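Colleague: Chains as they are written, first to last, in my numbering: chain A, 1418 to 1604; chain B, 687 to 860.
Incorrect hints may have been included.
[Said to hold, decoys possible] For lysine to aspartate or glutamate, the following EDC-like pairs were computed, each having C-alpha atoms within a straight-line distance of at most 20 Å:
no., chain 1, residue 1, chain 2, residue 2
1, A, K1594, B, E733
2, A, K1594, A, E1561
3, A, K1594, A, D1577
4, A, K1587, A, D1577
5, A, K1579, B, D694
6, A, K1545, B, E733
7, A, K1587, A, E1542
8, A, K1579, B, D713
9, A, K1545, A, E1534
10, A, K1579, A, E1566
11, A, K1587, B, D694
12, A, K1587, B, D743
13, A, K1545, A, D1479
14, A, K1594, B, E717
15, A, K1579, A, D1595
16, A, K1587, B, E698
17, A, K1594, B, E724
18, A, K1587, B, E737
19, A, K1587, A, E1569
20, A, K1587, B, D701
21, A, K1579, A, E1561
22, A, K1594, B, D693
23, A, K1587, B, D693
24, A, K1545, A, D1482
25, A, K1579, B, E737
26, A, K1545, A, E1591
27, A, K1594, A, E1504
28, A, K1587, B, E754
29, A, K1579, B, D693
30, A, K1579, A, E1569
31, A, K1579, B, E754
32, A, K1587, B, D702
33, A, K1579, B, D701
34, A, K1545, B, E717
It is worth saying that the hints were derived from the structure and are not from the lab.
None of these values were measured; they are calculated from a predicted model.
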Amino acid sequence: MSSADDLALARLAAQGDRDAFGEIVRRHQSAVFNAAWRVLGNVHEAEDAAQETFIRAYQFFDRFDPDRPLGPWLRRIAVNVCLNRLEARKPASSLDEDLVAAPDAGPGPEAQTAHRELGQRIRSEMLKLPPRQRAVIELRHFQELSYEEIAEALGRPLSDVKSDLFRARKTLAERLKDLRHDRAFER
Amino acid sequence: MTVHLSDDQFNEILDDRAGEVARRHLDACAECRARLAELQVVFTALETLPEQSLRRDLTASVLARLPEKRRARAWSWTLAIQSALAVFLLAFLAREFGFSTDALLPQLTNWLSVIQIPTFALPSFNFMMIDFQLPSFDFELSSFNLTILFASAALLWLVGNFSLLRGNGLRTRK
């Protein structure tokens, strides 16, 4: 998919063209869903958050800057949608009901198993982070936003973003320390 | 006492944004290098995370839940009606409270001289000011009529601003 096509579709969608918007959903749903899945840790909720993301995007298309790519803009909305959901839900609610649903990868059965378990472990540790730290990790590591862009996306001070990012990295590093010597981790 | 890298400096090193001072410290400090190596495990870990496949196409359900796009025309009509009512109200009140166009030109000239705009351009507008008369309404200014007039204006103002707020999507925000 090209960003030029995205831009043409975005212009049509901003005028209320539902077909064009449908094409945008088809193109970006997987990336938006995965961003939501990493932050929420639940497939059902991530699907719902992805739908909410697209509905919000449709409503606020006049705020989309056509000089920037569409995908990251949608994923930023997704992270905000997820953050709202995480902050609204009770701390005791289940985060990892579908941790077992991580997809297979790798060549042999043993490698597949090891890789899947590793993915589950990492996701499990990531999901234990406070919602804001999770959102910052998603935006920095997966969406590759700068600190300033993260602060803008989340509407938070730059110093808070830096602090959350460091805390999240430190916590994950401590919890995943044993993986440094894990063969599966070396891939 | 050795001053080690701060949390922000570690972040910047991890994100390739570190300055020369931080990099030089890292070269010289084994303790900070060890700490950095621990933090770098996060990058490798997150890269290892697999993508999850969508179980179904979300397009149809998203399209089914889309709200109707507001048409700009509706808003323009609201604005036009509000403007017309405002002009009507101003003209009516100006006449009723004795405002005269005869006093307008000297006053305007005075204002323009204060803000240092040359007044030689004004005579060309004289004929407009002289010929212009505020509209006359066959309308008795009783307190009842005034109340109705202000109530109508307030109602239209509220409706117009409700449209504006709805247009900005504020109702849908959490």
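Colleague: It remains to establish, for every hint, whether it holds in the given structure.
Modeller: Structure-based check of all given hints:
1. Proposed proximity of K1594(A) and E733(B) is supported: the alpha carbons are some 16 Å apart, at most 20 Å.
2. Taking the CA atoms of K1594(A) and E1561(A), the gap is near 24 Å; set against the 20 Å cutoff, the hint is violated.
3. For the suggested pair K1594(A) and D1577(A), the alpha carbons sit about 25 Å apart, so the restraint of at most 20 Å is broken.
4. For the hint linking K1587(A) to D1577(A), the alpha-carbon distance of about 15 Å falls within 20 Å, and the restraint holds.
5. Distance check on the hinted pair: K1579(A) and D694(B) sit about 7 Å apart at the alpha-carbon level, within 20 Å; holds.
6. With a C-alpha separation of about 18 Å, the suggested pair K1545(A) and E733(B) falls inside the 20 Å cut-off, and the hint holds.
7. At roughly 12 Å between alpha-carbon atoms, K1587(A) and E1542(A) fall within 20 Å of each other, so this suggested pair holds.
8. A C-alpha spacing of about 23 Å is found between K1579(A) and D713(B), which places the hinted pair above 20 Å, so the restraint is violated.
9. Between K1545(A) and E1534(A), the direct Cα distance comes to roughly 17 Å. Compliance with the 20 Å bound is thereby established for this hinted pair.
10. A distance of roughly 12 Å separates the Cα atoms of K1579(A) and E1566(A); the hinted pair therefore holds under the 20 Å criterion.
11. Restraint check for K1587(A) and D694(B): the C-alpha separation of about 12 Å stays at or below 20 Å, so the hint holds.
12. Taken as a hint, the K1587(A) and D743(B) pair is broken in the structure, with Cα atoms around 37 Å apart against an allowance of 20 Å.
13. With a C-alpha separation of about 36 Å, the suggested pairing of K1545(A) with D1479(A) is violated against the 20 Å cut-off.
14. The hinted pair formed by K1594(A) and E717(B) meets the criterion: a straight-line CA distance of about 16 Å does not exceed 20 Å.
15. Taking the CA atoms of K1579(A) and D1595(A), the gap is near 25 Å; set against the 20 Å cutoff, the hint is violated.
16. For a cut-off of 20 Å, the pair hint linking K1587(A) to E698(B) stands: about 14 Å separates their Cα positions.
17. Restraint check for K1594(A) and E724(B): satisfied, since their Cα atoms lie roughly 7 Å apart, inside the 20 Å limit.
18. With a C-alpha separation of about 24 Å, the suggested pairing of K1587(A) with E737(B) is violated against the 20 Å cut-off.
19. Of the supplied pair hints, the one linking K1587(A) and E1569(A) is violated, its CA atoms being roughly 23 Å apart against a limit of 20 Å.
20. For the given pair, K1587(A) sits about 14 Å from D701(B) by alpha-carbon distance, which is consistent with the 20 Å threshold.
21. A distance of roughly 14 Å separates the Cα atoms of K1579(A) and E1561(A); the hinted pair therefore holds under the 20 Å criterion.
22. The suggested pairing of K1594(A) with D693(B) holds, with an alpha-carbon distance near 18 Å, which does not exceed 20 Å.
23. Simply put, K1587(A) and D693(B) have alpha-carbon atoms about 9 Å apart, close enough for the 20 Å limit, and the pair holds.
24. Taking the CA atoms of K1545(A) and D1482(A), the gap is about 34 Å. The hint is violated against a cut of 20 Å.
25. Restraint check: the Cα-Cα separation between K1579(A) and E737(B) comes to about 26 Å, which exceeds 20 Å; the hinted pair is violated.
26. The hinted pair formed by K1545(A) and E1591(A) meets the criterion: a straight-line CA distance of about 13 Å does not exceed 20 Å.
27. This hinted pair does not check out: K1594(A) and E1504(A) have alpha carbons roughly 28 Å apart, beyond 20 Å.
28. Using a Cα cut-off of 20 Å, the hinted pair K1587(A) and E754(B) is violated, with the two alpha carbons roughly 46 Å apart.
29. Pair hint K1579(A) plus D693(B) holds up; C-alpha atoms about 8 Å apart against a cutoff of 20 Å.
30. Of the pairs offered as hints, the one joining K1579(A) and E1569(A) holds, with about 13 Å between alpha carbons and a cut-off of 20 Å not exceeded.
31. Restraint check: the Cα-Cα separation between K1579(A) and E754(B) comes to about 40 Å, which exceeds 20 Å; the hinted pair is violated.
32. Between K1587(A) and D702(B), the direct Cα distance comes to roughly 17 Å. Compliance with the 20 Å bound is thereby established for this hinted pair.
33. With a C-alpha separation of about 11 Å, the suggested pair K1579(A) and D701(B) falls inside the 20 Å cut-off, and the hint holds.
34. A hinted pair counts as satisfied when its Cα atoms are at most 20 Å apart, and K1545(A) with E717(B) does not qualify at roughly 28 Å.
In this structure, the hints that do not hold are numbers 2, 3, 8, 12, 13, 15, 18, 19, 24, 25, 27, 28, 31 and 34, in rising order.
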